[in-house]
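Protein sequence lines correspond, in order, to chains A and B.
For the first sequence, counting from 1, position 33 maps to 33 in the working numbering; every step adds exactly one.
For the second sequence, counting from 1, position 18 maps to 18 in the working numbering; every step adds exactly one.
Among the clues, some could well be false.
[What the hints assert, rightly or not] In silico DSS-like links for lysine-lysine, alpha-carbon gap of 30 angstroms or less:
1. LYS35(A) x LYS78(A)
2. LYS11(A) x LYS218(B)
3. LYS58(A) x LYS74(B)
4. LYS76(B) x LYS218(B)
5. LYS122(B) x LYS140(B)
6. LYS140(B) x LYS112(B)
7. LYS105(B) x LYS218(B)
8. LYS58(A) x LYS35(A)
9. LYS58(A) x LYS3(A)
10. LYS105(B) x LYS140(B)
11. LYS78(A) x LYS3(A)
12. LYS11(A) x LYS76(B)
13. LYS41(A) x LYS3(A)
14. LYS122(B) x LYS11(A)
15. LYS122(B) x LYS41(A)
16. LYS58(A) x LYS11(A)
17. LYS11(A) x LYS35(A)
18. LYS140(B) x LYS74(B)
19. LYS76(B) x LYS58(A)
20. LYS112(B) x LYS76(B)
21. LYS105(B) x LYS41(A)
22. LYS78(A) x LYS41(A)
23. LYS218(B) x LYS35(A)
24. LYS140(B) x LYS76(B)
[As the list claims (entries may be wrong)] Stretch by stretch, here's where chain B covers chain A in the computed footprint (C-beta under 8 angstroms, at least three residues):
25. 13-22
26. 25-35
These are calculated hints, taken from the structure and not from any lab test.
From the three backbone atoms N, C-alpha and C, an ideal C-beta is built for every residue, glycine too.
Here is how the chains run, residue by residue.
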Amino acid sequence: MAKIIVEVMLKPEILDPQGQAVASALPRLGFNFAKSVRQGKRFEIEVDGEPSMADIEKAAEVLLSNPVIENYTVRVEK
Amino acid sequence: MRIGVVTFPGSLDDRDAQRAVREAGGEAVALWHGDSSINNVDAVILPGGFSYGDYLRCGAISRFAPVMTDVIAKAKEGLPVLGICNGFQILCESHLLPGALTRNKDLHFICKDQELEIVNNKTLWTSDYQVGQHITIPLKNGEGSFQCDDNTLNMLESEGRIVARYVGENPNGSRNLIAGITNERGNIVGLMPHPEHAIEDLCGPGTDGLGFFTSILKAMVK
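Work the whole structure out from these sequences, hints included.
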């Protein structure tokens, strides 16, 4: 069964206070490698057969992301 | 004057919005998210709360509720619609209003009485206020930071489509202190703070919120 991976990230110009909070928590735990952190969402969609990529792109654009503030990427994992 | 108030699974402030409509002198009509039409009401309020648990993004799933098909189609034809808090988020997700509401800049859920300045009294929902008037109504949300790109912000500013701004310190990181906006036609208004919680002296910070409900009733009589 194939798996579709859709990753959604806030656009670079949109403030990400959750990512900032993670970035400031890391050094408190002794992890000093992070220059900045952006937090996003990952959707794993199991599919039967070969769904149309156009449909998946449409779903990512209409429901899984809000194009006003977010970008998405789609890939298929076999 | 029949004003519909939509209840989604997870709506919290639908009863208060209905009550505010009645206090202002209108008839409140309860609408259900699964309804296929808005039952010929004269205006619609999308109330605050956590519709569909705020899953995915606030308002993202509510936008596709059956009743929203009719709300969106009629709003585009001029039906007056007020979205309060979660309702504002739903209006943005529906693309009836530009921009989006994101996590408050300090990540905290805010619940406090908030002073606002009314910036535009030409909308169907704000005509009972004066431009420049300061009002105090509750602000209570976790995702109230209004964000949009620079072009949209310039458009909102130059077309006078900002309805209300926060006064004093920016509570949530909203661009240009935006608390509420309207569409080009002025029939659709989205507002983050809650006027329906400030309609009586007995509870809440006063009666400053009542004007949103008296405005629409007057607009519909004309």
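- Task: Give me the numbers of the hints this structure contradicts, sorted from smallest to largest.
- Result: Of the numbered hints given earlier, those the structure breaks are 1, 2, 7, 8, 14, 15, 20, 23, 26, listed in rising order.
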